[in-house]
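K.L.:
Using the sequences plus the hints, can you model the full thing?
First to last, the protein sequences are chains F and H. Using our numbering, you'd call the opening residue of the first sequence number 1 and step up by one each time. Using our numbering, you'd call the opening residue of the second sequence number 1 and step up by one each time.
In short, the hints are calculated from the structure, not lab data. Only a predicted model underlies this, so the values are computations on that prediction, with no experimental measurement involved. Among the clues, some could well be false.
To be verified - Not the full set, but computed from the structure, chain H residues with beta-carbon under 7 Å of chain F: (1) Ala22; (2) Arg24; (3) Ile106.
To be verified - Between beta-carbon pairs, the in silico distance windows are: (4) H:Gly190 x F:Leu242: 53 to 59 Å; (5) H:Leu40 x F:His21: 46 to 52 Å; (6) H:Leu201 x F:Thr13: 55 to 61 Å.
What the hints assert, rightly or not - Chain H regions said to be covered by chain F (calculated; three or more residues, Cβ under 8 Å): (7) 38-47; (8) 77-90.
Backbone N, C-alpha and C define an ideal beta-carbon position, used for all residues, glycine too.
These are the residues of each chain, in order.
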Amino acid sequence: MSTAIALRGISKTYGGTTVLHGLDLEVAAGGVLALLGPNGAGKTTTIGILSTLVAPDSGTATVCGHDVVREADAVRRVISVTGQSSAVDGVLSGRQNLRMMGRLGGLGRRAARERADQLLDRFSLDAAADKRVSTYSGGMRRKLDLAISLIGTPPVVFLDEPTTGLDTRSRQSLWDEIRTLADAGTTVLLTTQYLEEADRLADRIAVLEHGAIVADGTAAELKARVGSEVLALHGASGDTVLEVPTDGTLDGLRAALAALPAGVSGSVALRSPSLDDVFLAVTGSPATPELVDQKG
Amino acid sequence: MTTLTSTPTTSAPAGVAPAPVASRLTVTGTFIARSLLHTLRTPDALIMAIALPTMLMLLFTFVFGGAIEPGGGYVDYVVPGIILLCAGFGAASTAVDVANDMTEGIIDRFRTMPIRAASVITGHVVASLVRNLVATAIVIAVAVLVGFRPTGSPLEWVAMFALVAAYILAITYLFAAIGLAASSPEAASGYGFFLMFLPYLSSAFVPVDSMPEWLQWVAENQPLTPIIETIRGLLLGTEIGNSGWLAVGWCAFILVVAVVLTRILFRAKAGRR
Numbered sequence: 001m002s003t004a005i006a007l008r009g010i011s012k013t014y015g016g017t018t019v020l021h022g023l024d025l026e027v028a029a030g031g032v033l034a035l036l037g038p039n040g041a042g043k044t045t046t047i048g049i050l051s052t053l054v055a056p057d058s059g060t061a062t063v064c065g066h067d068v069v070r071e072a073d074a075v076r077r078v079i080s081v082t083g084q085s086s087a088v089d090g091v092l093s094g095r096q097n098l099r100m101m102g103r104l105g106g107l108g109r110r111a112a113r114e115r116a117d118q119l120l121d122r123f124s125l126d127a128a129a130d131k132r133v134s135t136y137s138g139g140m141r142r143k144l145d146l147a148i149s150l151i152g153t154p155p156v157v158f159l160d161e162p163t164t165g166l167d168t169r170s171r172q173s174l175w176d177e178i179r180t181l182a183d184a185g186t187t188v189l190l191t192t193q194y195l196e197e198a199d200r201l202a203d204r205i206a207v208l209e210h211g212a213i214v215a216d217g218t219a220a221e222l223k224a225r226v227g228s229e230v231l232a233l234h235g236a237s238g239d240t241v242l243e244v245p246t247d248g249t250l251d252g253l254r255a256a257l258a259a260l261p262a263g264v265s266g267s268v269a270l271r272s273p274s275l276d277d278v279f280l281a282v283t284g285s286p287a288t289p290e291l292v293d294q295k296g
Numbered sequence: 001m002t003t004l005t006s007t008p009t010t011s012a013p014a015g016v017a018p019a020p021v022a023s024r025l026t027v028t029g030t031f032i033a034r035s036l037l038h039t040l041r042t043p044d045a046l047i048m049a050i051a052l053p054t055m056l057m058l059l060f061t062f063v064f065g066g067a068i069e070p071g072g073g074y075v076d077y078v079v080p081g082i083i084l085l086c087a088g089f090g091a092a093s094t095a096v097d098v099a100n101d102m103t104e105g106i107i108d109r110f111r112t113m114p115i116r117a118a119s120v121i122t123g124h125v126v127a128s129l130v131r132n133l134v135a136t137a138i139v140i141a142v143a144v145l146v147g148f149r150p151t152g153s154p155l156e157w158v159a160m161f162a163l164v165a166a167y168i169l170a171i172t173y174l175f176a177a178i179g180l181a182a183s184s185p186e187a188a189s190g191y192g193f194f195l196m197f198l199p200y201l202s203s204a205f206v207p208v209d210s211m212p213e214w215l216q217w218v219a220e221n222q223p224l225t226p227i228i229e230t231i232r233g234l235l236l237g238t239e240i241g242n243s244g245w246l247a248v249g250w251c252a253f254i255l256v257v258a259v260v261l262t263r264i265l266f267r268a269k270a271g272r273r
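P.N.:
Below you can see the structure in the form of C-alpha cells.
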C-alpha cells in the first residue's frame, strides 16, 4: 500500500517554545488516521505544516509524494483543509460560498452550481442554502465548512478538531459524513481530543504529546492498554475516589472490585475510557490538568 | 464504542482524482464577483460613500457657500473636491474588507488552495473601483440638480472619469495596504480616517491663497490639489497648466507605492508562519 502522508523528524519552535519535537508519522493512502492529543500537543501545527501554511524548522513532510515546502502548489492540488476556525464567508449565503469555492477549485460554472446543490442536499443545508452564513448555527457552519472542503473531491483531507463545540446530533451527522468520505477512498487525517471520536472514525490512532508521538496503533491495540471500561468509585460528596481500568468482562470487573482497598465505601459506576485514561496508560501521567473533566 | 472500523477499501492513492486547477483569470474574476456580491449584500458602504459627500456638498453650497462666495456659484467651485471626497469615503471601506479577510479563517483556506491568494485583494480593489465610479456619477447628478453647470466637452468628461478612476485605484490600493497593516478591522477603519483629512487641506473647498502661508505650502504641494485643479479645468474650463501632468504623476506614484506595499504586507501576513 502506498503512503499518502509522511512526516519525518519534523520540528517546529515558536519563539523559544518547541511545539513539535522530531515528529514521525505516516498515513497509508485511503487510510484514516486520528491524531489524538490535548490542547497544546501540536495537533494544529502538524496540520498547518501538512497544509503548507506553516514552514517546519527541520525535517521533511510529503503529501502524495510532494514535498510541502518545495512543491507547495502540487500539495495544494491534492489536499483540502477544514481548520479549527471556520473558513467560510459570513456575508455570502451557503450556496454562494460553495459556488465560489467550486470556481476557485477549478470547476466550470455549471459544474460548480451542480456540485453546490449536491453538497447542500447531502449535508442537509437546503433550507438555509440562501441565508447569510453569519446567521448559521455553529453546527451548520461546521457542516458548510466541511462541504466546502469536499467540493473538489480531494484525495487527501485534513480535519482539525472537526466536531469541537458541536452538539451530539451535529457531531453524529458530521461523523457519518467523514465516514462516507473515508469509505470512498479518501485519505483522512483528523485531530481530536476525544477518544470516542478517534475510535469511531479512524482505523489508526496516533497519540501526540508535547510534539511527539507517544503511542500509535489501531483503536483495539490502544484500548488493550487502557481497558475497555473504567470502574469509578465515588465518595459521599460525589468526588472520584479511585478509578480502575477493566476489560469489560465479568471476570475483569470482579478482579477490579477485588483489587479495591478494604474498607473503602461509596458508589460505583462504569464509564468509557477517556483521553485522560489513554494518556495515563501510555505516558504514566495525565494529559493536562484542565482536561480531567473532559470525557469523550 | 467497541466497533472497529474496517480497513480501507481503496489502496490506490489516485482512487480520487485531484480537481483541475482554476486559471488565474477565473480566480481573479471569482474574487471580483465575490467582492461585488459583498457590496450588494452590504449596501451600507455604498450608501455611506454617496450620502456623506452629497450632504457635505449641500452643506457647503447652501450653508457656507453664501459666506464664502456671496454671489452664488460656489457649487461650481466645490464639486470637483466633493468628487474626490466621495472616492475617499468609498475606498476607505476596502481597508475594513481586507482586514476582515485577513483576520478570519477564510484567508487560510485560500492559501491552502492551488491559487494566487493575493488575488483576493485584487477582487476588493476592482469592486471598490466599480462602486466608487457609480457613486461619483450619482454625486455629479445630484450636483447638477442643485445648480452645478459643467461646460466640459465629451472628451473632457472621458478624461475626467479616467483621472477619477486612476485616483480611486491609487487610493483604494493605499487603503488595502492599510487594511493589511492593521491588526483588526476596527484599527483599519481608524487609520483610514487620516486620509480623509487630505481634501480639506487642498484647494477643494477654498482657494489655496486664502490660507495662512505655511499651510499654503502644504496645500499646494499635496497630491489632491493638482487632481482637483485638473478636474475643475476639464469640467469648467479653468486653467489647468501643469496640474494635469502632476495629477497623473501623483496617481501613478501612489499606485506603484501602494501596490508594492500591498505585496510586501500580504507576503508578511499571509506567508508561511
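K.L.:
Next, verify each hint and record whether it holds.
P.N.:
Now for the hints, and whether the structure bears them out:
The closest approach between the C-beta of Ala22 of chain H and any C-beta of chain F is roughly 4 Å, which is under the 7 Å cut-off, so the hint is satisfied. Given the 7 Å rule on beta carbons, the hint for Arg24 of chain H is violated: about 11 Å separates it from the nearest Cβ of chain F. For Ile106 of chain H, the interface hint holds, the least distance from its beta-carbon to any beta-carbon of chain F being 5 Å, beneath 7 Å. Taken as a hint, the range 53 to 59 Å holds for the pair Gly190 of chain H and Leu242 of chain F, whose Cβ atoms sit roughly 58 Å apart.
Between Leu40 of chain H and His21 of chain F, the C-beta spacing of about 50 Å keeps the proposed range 46 to 52 Å intact. Checked against the given bound of 55 to 61 Å, the beta carbons of Leu201 of chain H and Thr13 of chain F, roughly 49 Å apart, lie outside it. Residues of the segment 38-47 of chain H lying with their CB closer than 8 Å to a CB of chain F number 3, which satisfies the three-residue condition for coverage. Under a criterion of three residues with beta carbons nearer than 8 Å to beta carbons of chain F, the stated coverage of the segment 77-90 of chain H fails, only 0 such residues being counted.
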